[in-house]
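Take the sequence shown: its letter number 364 is residue 364 in the UniProt record's numbering, and every next letter is one higher.
FYI, nobody ran anything at the bench for these hints, they're computed from the structure.
Just so you know, even glycine gets a beta-carbon here, dropped at the ideal spot from N, CA and C.
Treat each hint with caution, since some may be false.
Per label pair, the in silico range of CB-to-CB distance [claimed, not checked]:
id	residue 1	residue 2	range
1	G849	E628	55 to 61 Å
2	I460	L411	16 to 22 Å
3	A845	E628	54 to 60 Å
4	E463	N517	35 to 41 Å
5	E939	N1019	35 to 41 Å
6	D343	K819	35 to 41 Å
7	I460	G849	31 to 37 Å
8	V661	P542	53 to 59 Å
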Amino acid sequence: MSTGSESLASTRSRRQKGDKHGRLAAIEKLKGLKGSKNKYKVNDEVDRVWEEVDEVEYSKRVRERQDDDWIVDDDGSGYVEDGREIFDDDMNEDPKNVKKGKNELKTRRDKVEVKASTSKSNSNSIKRMFQNIPMKKKVKSEKDVKLEGDSCLDAILADLNNQPVAPITPQLTRNTTKKKRKYLSMATPPLFTTPNTPLTTPTRNRANKLVYPRTIMTSLASPTSKANDLERALKIEQDVEDERDQSFMDEFDDGGISDSMLLSQAMDAEQIETEVKTDVKMTIQEPQVVELPEKKISYDEKVLTDLELDNNHELFNVPSQEVSCVTVPTDGLPLKKNDNGEDVLYFYWLDAFEDPFKQPGTVYLFGKVQLETPGVFVSCCVIVKNIGRQVYILPREKRLNKKSEELTDQLITMNDVYTEVDQIIANRFKIQEFKSRVRKNRLKKYTPIKKKYSFGNLDIPSESEYLELKYSSNYPELPSNLSGETFSHVFGSTTSSLELLLLSRKIRGPCWIQIKNLECIVPPVSWCKLEAVVQKMEFLEPLRNFQPIPPITVLSLSLLTVMNPRNHQTEIVSCVGLSHNKYHLEKAAPKPLYQTQFCVVTKPSDAVFPFDFRDKITAVKLKVDLAENERALISLAITKIYKLDPDIIVGHDISSFDMDVLLHRISTNKVPNWSRIGRLRRSLLPQQSGAGRIHQAVCGRLLCDLKLSAKEFIQTKSYDLNDLSEVILKKPHMNVNGEQIKLAFNQSQQLISLIHYNLKTALLNLELLSELNILPLATQITNIAGNVLSRTLLGGRSERNEFLLLHAFTEKNYIVPDKFSKKSKQNKTGENDDSKKNSDRKKSAYVGGLVLDPKKGFYDKFVLLMDFNSLYPSIIQEYNICFTTVPTPTNPEEDIDDFNLLLPNPNSDPGVLPTEIKKLVDSRREVKKLLKTPNLSNELKLQYEIRQKALKLMANSMYGCLGFSNARFYAKHLAAMVTGYGRKILMQTKDLVENQMNFEVLYGDTDSLMINTNCCDYNSVIKIGSKVSSHES
1 MSTGSESLAS TRSRRQKGDK HGRLAAIEKL KGLKGSKNKY KVNDEVDRVW
51 EEVDEVEYSK RVRERQDDDW IVDDDGSGYV EDGREIFDDD MNEDPKNVKK
101 GKNELKTRRD KVEVKASTSK SNSNSIKRMF QNIPMKKKVK SEKDVKLEGD
151 SCLDAILADL NNQPVAPITP QLTRNTTKKK RKYLSMATPP LFTTPNTPLT
201 TPTRNRANKL VYPRTIMTSL ASPTSKANDL ERALKIEQDV EDERDQSFMD
251 EFDDGGISDS MLLSQAMDAE QIETEVKTDV KMTIQEPQVV ELPEKKISYD
301 EKVLTDLELD NNHELFNVPS QEVSCVTVPT DGLPLKKNDN GEDVLYFYWL
351 DAFEDPFKQP GTVYLFGKVQ LETPGVFVSC CVIVKNIGRQ VYILPREKRL
401 NKKSEELTDQ LITMNDVYTE VDQIIANRFK IQEFKSRVRK NRLKKYTPIK
451 KKYSFGNLDI PSESEYLELK YSSNYPELPS NLSGETFSHV FGSTTSSLEL
501 LLLSRKIRGP CWIQIKNLEC IVPPVSWCKL EAVVQKMEFL EPLRNFQPIP
551 PITVLSLSLL TVMNPRNHQT EIVSCVGLSH NKYHLEKAAP KPLYQTQFCV
601 VTKPSDAVFP FDFRDKITAV KLKVDLAENE RALISLAITK IYKLDPDIIV
651 GHDISSFDMD VLLHRISTNK VPNWSRIGRL RRSLLPQQSG AGRIHQAVCG
701 RLLCDLKLSA KEFIQTKSYD LNDLSEVILK KPHMNVNGEQ IKLAFNQSQQ
751 LISLIHYNLK TALLNLELLS ELNILPLATQ ITNIAGNVLS RTLLGGRSER
801 NEFLLLHAFT EKNYIVPDKF SKKSKQNKTG ENDDSKKNSD RKKSAYVGGL
851 VLDPKKGFYD KFVLLMDFNS LYPSIIQEYN ICFTTVPTPT NPEEDIDDFN
901 LLLPNPNSDP GVLPTEIKKL VDSRREVKKL LKTPNLSNEL KLQYEIRQKA
951 LKLMANSMYG CLGFSNARFY AKHLAAMVTG YGRKILMQTK DLVENQMNFE
1001 VLYGDTDSLM INTNCCDYNS VIKIGSKVSS HES
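Based on the sequences and whatever the hints tell you, model everything.
Have a look at this one:
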């Protein structure tokens, strides 16, 4: 070549093809008209400016361009041409970084300039490259070029020697510091280069994101052996840049850049310049010898190796059964005639939700409704409105003088109470209307109702007359400590609308409900297939043994998360779901465990997909949806959840981690239609934190946390997923942390194995759900207790016992104690002092079970373990211990020692608590008899086994509600009495074994004894145990 420009022009002329269709002439004419008022019109002779070819022809032309070495005298190591057009999409390029119009052309032009400036790795090649670039300005000669003024080269050398770049300005303000930080980021080069890839410099676009020249991006997309190394290097380079930027800003924020810092940077710059002058060629070539595997990364190599070997693609290649489109009637609800000829809706409810602050007096019921087609069930939401407040007011015997706080001699009638409520209380709390029972006569006397009370307050009689007051929930609730001149106490003011609905309509857990006088809802308020509203709760009637429980849809959800190194927030990179829409609550789990699956994957914010990832997943026939970013992933996952419409979402630690992370990322990314994750349409995310926020967000869909359920049903050292898998399923399962998840994005095979790992985790959730029979057992427990299934699945043992006693005492016409929060209880009892809290922690409220000192030694004979069968429930039944039978002590807060030995009157009627426990025990005994029925089918056997286990769990947990200080039915004196008799029985048994039977007791704890039999014959030991049992009974 004579000159660089002529050679370049001649080379390009060879690549141009003939003007077959007049395209070049049309383009030249268009350029000539640019800027003028005349508009270009396409003539009829020019059909099109471009040429349409098929994929085969396009690939052929690309290969020809790649084979055409049109750069003269470059030794095959100069400019790299990949043969593609400038508008070809790059798989690994972020769409957010793509500019449009003039900005895009400018960015590309800048990339070409930077690419050309650093294309060669020796001084002669760099000189020739600068000479070959066409420039408007006069090219400097070799003598005029100085390395001291090349800021880009300074940044490259400073980064390679781990030295800061010398500052340009001697003094920095806050604004110039930001510009300097941006300059440092732009001048940061990649940490390595390859023989065929020039050393290039990334730039930043307007979004302040790194944009690498097309040479590097092409290498990432090319199927070369260095592709994975390039990706990891880009990630490492980004981390180094972020650390340098962050440290720079930290130093500036701590007090600016001092003179000593500037002096140190200037000295470093001088040292770099000296090294450049001595051996420039060696310094530029130094990035080529950087080996990425030498970078120390802390991760478990065994886990990554296992991921690479996990290639069982056939496990999840089963064709998913698409969700069948169900035709929902648009003209109305699928109503049916009942026995009375009324049009009713048969509705099986599963979950309930209320918002007492924004929508008081309204309860949302979610469940299933059968369509006209037999066996087809769809989701339905029934809104129960106008649930009012129901308050009971206890009259005084004599009127109280408010000024002197003394009782007068004036007797109180029910009309006096009504008058004070009407004229004073209603005006004070702005209650405009209320109702009360009135006798239908001329005197217009207000009819009292009789109620019982037996919950610790000595000022309240055991049975008395009350004034029942009903008013709308839109008006404020009355204070629980409200009193007046004619009344002393108010009950029921804190009762929620949901509790009032369940107790008044006697709805005990999930069941069929007959609903009449329904109305349609416009516009829709939920994401269910059907919606209806009923104006009174009296229109609901529960049905027993109506028809089998409808099948429900279960979804197993599993997330993979990584930590964002920039903002240190958890991000979601993968979401997997396995679903089955024929899951029965009273039967064994279906086989196979899932029908439909989905998998959504996105790249971490500081990583890219492997260049051949799409081809690999296509080759293994793995159905994966790739999302551009985390926001797209969450939106797509929520859409798939909405289409599947699951009734129950299953996951391990889903209530405290997965859903919490998901809601946080929804809020951060501002995902639209986020409420589809539940069944109630909403626009704003719940503001409170903890379990209440999650329950509000997913209301209508039940959450089954395997970790919480396993804690109740089994006992093991750890309840992590890998431990539960080994203990219950006898399958090994490994944990993968965020560092290992990021490393899996380096290679396609590792990323595919990571997707299989997430799919297997979701399948493992379903296997644990099936093996433990969690859903049938939780349903049975909820039906016994009478609470809400969503609370049972989250381990609300105290709430289960509470609702069991609420139903029992309400049916016996008792006024139940009001429910207070823990904070309000402390304010009520005055336990806010730190000294009081510390003393409560050190000292228990009452004496618990007896623990005997163990006798240490080596025992080579059989040790007999004797355990009492349900000791505490048996004591409650045997001694008739209840709120209604045991009088409350005068000072219940004092230490109870001898009082717990005072037995109730033997002639007294059975209490409510012993009666309920007896029902549970007798029901379990009957179910166990049914289990012994010959020729029992496996399905019935499983149902009976689940039933008897639920009854056992409920009976054994009844004592807990007495001794739990935050429980609604907390009674310290009753709990102390139960434990006192337990200690007494254990000591009597110990004396029997040691004094009468002459055996040694080695250890004892609450309800069990360990006896040294001094015998080596197993049958003889069994006889000894039977003898002890017969003596004790």
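Going through the hints against the structure:
{"no.": "1", "hint": "G849 x E628: 55 to 61 Å", "verdict": "holds (60 Å)"}
{"no.": "2", "hint": "I460 x L411: 16 to 22 Å", "verdict": "holds (19 Å)"}
{"no.": "3", "hint": "A845 x E628: 54 to 60 Å", "verdict": "holds (58 Å)"}
{"no.": "4", "hint": "E463 x N517: 35 to 41 Å", "verdict": "holds (37 Å)"}
{"no.": "5", "hint": "E939 x N1019: 35 to 41 Å", "verdict": "holds (38 Å)"}
{"no.": "6", "hint": "D343 x K819: 35 to 41 Å", "verdict": "holds (37 Å)"}
{"no.": "7", "hint": "I460 x G849: 31 to 37 Å", "verdict": "holds (32 Å)"}
{"no.": "8", "hint": "V661 x P542: 53 to 59 Å", "verdict": "violated (38 Å)"}
In the structure shown, a violation is registered for the earlier hint numbered 8 alone.
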